[in-house]
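Enquirer: Take each chain as given, in its own frame, and dock them per the hints.
Quick mapping for you: the protein sequence lines, in order, are chains H and C. Per the working numbering, residue 1 is the first one in the first sequence, and the count goes up by one each step. Per the working numbering, residue 1 is the first one in the second sequence, and the count goes up by one each step.
Rather than coming from a laboratory, the hints here were simulated on the basis of the structure. It should be emphasised that the depicted structure is a prediction, and the values quoted were computed from it without experimental measurement. Where is the CB? At the ideal position from N, CA and C, for every residue including glycine. Careful: at least some of the hints might be erroneous.
To be clear about the criterion: a stretch of chain H counts as covered by chain C if any three or more of its residues have a C-beta under 8 Å from a C-beta of chain C, and this derived list gives those stretches [said to hold, decoys possible]:
#	stretch
1	34-46
2	191-204
3	209-222
4	233-247
5	251-265
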Amino acid sequence: MKKAGIIVLCLTLILGFQSMALAKTLKIGTLSPLTGPYAQDGTDILQGVKTAVAVYGALKGYDKVEVVPGDSACDGGKATMAANKLINSGVNVIIGAYCSSATEPAQIPIMDAGIVQITPASTNERLTAKGYKYFFRMPPRDDVQAWSTVQFLEKKLKAKTIALIDDKQTYTAGLTANIEKFAKEKNIVKVIAHEYITPGDSDFTAVLTKLKRINPDVIYMSVYQPEGSKMIQQARKLDMSSTFLSEDAVFHPKFLEVAGKNAEGVYLTFAKAPETPERDEFVQTYMKMWNAKAVGSYAYYAYDAGMMALAAIEKASTADADKLQQTIRDNTWTGVSGDISFDEHGDRKIAHIVWLVKDNKFVPFWDPITGKDL
Amino acid sequence: MDLSSFLLQQIINAVFLGSIYSLIALGYTMVYGIIELINFAHGELFTAGAFIGVIVLTALQQMGFVETHFVLTMIIVFVMSMSYVAVLGVAVEHVAYKPLRTSSRLSALLSALGMSIFLSNGMMLSQGVSDRAYPQVFGIEGIEFMGARITNGQIFIIILAVALMVGLQLFVHRTRLGKAMRATAQNKTMARILGIDIDQTIRITFMIGPALGAAAGVMVGLHYGAVRFDMGFIFMIKAFAAAILGGIGSIPGAMLGGLIIGTIEVMWAAFLPSAWKDVTTFTVLIMVLYFKPSGLLGEGTTEVRV
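Just chain C, with the same shape it has in the complex (with noise of 0.2 Å):
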């Protein structure tokens, strides 16, 4: 393996877990551009949408669609994780948000890490404590070339994640819903004055935000071969460190972050040292919030939105 090769190999390894990164990343920007609140719980519900997944893909594994059908697989399972944990998203803004959105920022933050451990101790009792196995429905087969090699799973979850990405930054600035959304997260009253829906909107980032969050949580299950109920935590202090990084709140800077932080993990266990990748990933974040304490894509004055 020459360096050119070996090269592109890591940008492939870096741009796979970046773009995971940055759709965990999204749920957090989004939720806090509207409502200014860090979702706590939303590890835990990318977690839940890698169980739907791992149940649904079985499922339809052991009925034999799988070989028949694989695109239409695919489709279903995506598509029941994400309405279910959209839904889901939908609950946790209802229960444990939507009452306190008037009392301090406090309460709010208590209350989101109070239901990340609620979640995830649901998750815990209902589908046990040990790893579960993904049907490995894209095996071990992918092109090769300049040396570099691309599994046929990582090209279609690299291709998704960036069609959804597209699709959200086409629907936050193409459509009256994304407008609308918009329009709440710069200024809330002034949005309700011109006759916003402000709790309609709330919900509909509550659907978008944890449905993108799914789709990762199924595409970690397919592309690594095991879920836990504790997976989310890991992927969950790295995303959020994406979407801080890219300045939370921002939707490009979600998805550049997440990139970034990808990028970071993976050249630094590449060419560096492997045992000081974490700590390097988290020295970069904070220097990057020292001279740009609004993160990179950032707006600045968060705080003065009232």
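Isolated chain H (complex conformation) (with noise of 0.2 Å):
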């Protein structure tokens, strides 16, 4: 018995030395759904960091740059779970998730272990409402949406009639409430109808004809990209007459493979995308990495907070999340989805444009902003 005993604490001293004497390894996790109806999105989001490691190549200071990925499912506890674990794998850096209702329960244990967390989809605006000083967001939030949104409506598409319909979920139904919200403001728009669906139907066509009965100039899809290809299909089947307007979550290519030649005069908003050579590059690198036939929407928001961390840690000389955190804050960064800054609340300085499905492509459409045609 002694004998195995101090075998064993051989074994376990040797394993302790082996691994102080390893390389200097900087440890970025992801929370994305990999698995459940959004491991598309999710999947572009790993790739997308995935890609920013290889592409940045030596780090400073390290030996080796390593992406532990995790798991959020869209699903609150699924995600908190994957968070504690990346936090007990010691990662430096957080980027995720992709479901606001995912991300906000996940930052609590996030932010407590005082990690710097950068999540490249969740919009919901309550996020960076919380005086959280490790979190910082890509995409523009949903009430910049939804002003966005309801501009389009009142001074381009000079709608006079709206029926929402969202999913019940943190993004979706926040977004719709925002809606709601900006429309009552002006009372241009008015909102008719307010229907909900089940995430993961596949059929919405008791919905869509209710809509069909009563007619609305403008309907909005608050839904996320799988439900949203079946309905757009659905509505073209039943000969709807209304313009369909939808957001970031369903602007994706594979809703224009899926939905194919019906979604067409789908409007969208997203942000800008500048021209950039960077970006150029970027999507070829990916689509070459990946073997993909295009670049998920959020896989660019993904690479940009990738390659944001790892220049902050390198001009930082740490990853020290308080220092990470100010270094992230002070300065301008350059990135394929535009330039990057942040407010006081962790919000990126942002906004969205309306695009238009035309030929099976996305074309940018209106600028909310300036009110001119793009």
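Expert: Take a look at the structure:
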């Protein structure tokens, strides 16, 4: 018994020393839905971060940069578990999550542990309203998105009536609540119906037929891409005459692929895409690296989050969260989704434009800030 | 859109959705009728059918076969998908259920759950985690009458679903094998004494049930335009509810149950707040089971069968 104990002790010590002797590694954790209905976006995010690590190359002060993936499954409970696992594995930075409903609870242990978190996708405004100093957000907020949408309805489409559809999740319901609020302010556009669907469902004909009967000028789909792709097909099959408008979670190449011809004429809000050589280069690298036909919309933000985190760590010459967050805040970074700078809440200074699906492509259509066509 | 055409449109929506639930529910009810086991892997077999459909259909479309031989394409897609899943169904039975046939029901149930997870993960690894687009071979063309609209694809799917169900009824009631199936369901020991090959009968049940599920999978893909490895889950829950509502073990019960579940879902969303749609479906299920525990067309005492 005693001998065995000594052997075990020796082995543990050897293992301990080995990890000490190992190279100095920077760990970037990701949180995104790798399983479940939104696994496409989750995979995009993970691949975006991995691309950033590969493109960035050697990081000063570290021998190796490692990406530790976490599966948030678009579920609060699973995301929190995954976040705790990342914290325990000693990650220096966390990039994620995707669904606002997963990011919100996962935020708590991450902020408590004092780790810098950058979300490449969650847009619910509550996330940055809690005064967390380690939390940053890449895409524009939902109240900004709702404002842009209402501007578009009032000034460009000159719509009188709108019907909203959402699937009751944090992100989708938050967005429709904001639209309702902004529409009421000026009372030019009237919300005449608000319908709900279940995430994961395939058949939305009952709700769509109901809306066909009221015939609003515009129908707003506040859903995620898998449901959006199916919904628009069923709307076309029902021969509905309303204009369809949607948001940044449906803005994905998969929407064009699945809905095909039926997606023509749909308007979507998403941040402006800068036409820079860096962006083209990233698209090429990404497609080659992952053998992908198209780059998912959130892969850009994830890549930027990864690149920015690495650059900030190099600039601050430390991964210490306090210094790192200060460095991120104090500087303006360039990225493939445009210039990156943050306000005091950790929100990025960025706004939406309206895109139109034309010839199976997303085309910039209208700018809500200037009120001009693009 | 006036009320009558609105109502007609919602009825079309309900019948369409209901007939897909019915087809899937048949798989549960047939297997339960024969070996008193809930085949939890059925949802995955349904998904596998949808995947074979998209693979074959995409290949045929790339060859330009769809435009020239449309009917033949549909026959090939459905036959290939259904026969693949029939073989898969028999394999599942052989690996996961047959060795446990004499053991307790709980172990067979766990084996079924394990099989479901195994198949689901297998499809995730081989087919990827994201949506796969189905070629839109039917388009949005359709016919309009009385203000309601039905697409050519929907007409085709409803006709095929009804044909499959009628075919199944004829098979069960008019053929020797069907008679053997009914006998096995009633009393296995007695059926064996009378010289019925029980193993073969069970194998055939595990071919037909999953094959019908596969057909439903292809239909879902054709109409809704996308398939994903975990799409079986939500359909499984609804179809399972349909099978229980109609009386599990009863074939006409499953058909009726599917239509009822589809109708409740659609009509509730049509006239009442759509946020409560799923709550209602399952409330109705609980109510029916409270007043008639064996389901609408169930036989009552399934427990005494030895």
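Enquirer: If a hint holds in the structure, say so; if it doesn't, say that too.
Expert: Quick rundown of the hints versus the structure:
Counting residues of the stretch 34-46 of chain H whose CB falls under 8 Å from any CB of chain C gives 8; the rule of at least 3 is met. Interface restraint, the stretch 191-204 of chain H with chain C: holds (8 residues with C-beta to C-beta distance below 8 Å; minimum three). Interface restraint, the stretch 209-222 of chain H with chain C: holds (5 residues with C-beta to C-beta distance below 8 Å; minimum three). Taking a C-beta to C-beta cut-off of 8 Å, the stretch 233-247 of chain H contributes 6 residues in contact with chain C, enough for the three needed, and the coverage statement holds.
For the stretch 251-265 of chain H, the stated coverage by chain C holds: 7 residues have a C-beta nearer than 8 Å to a C-beta of that chain, and at least 3 were required.
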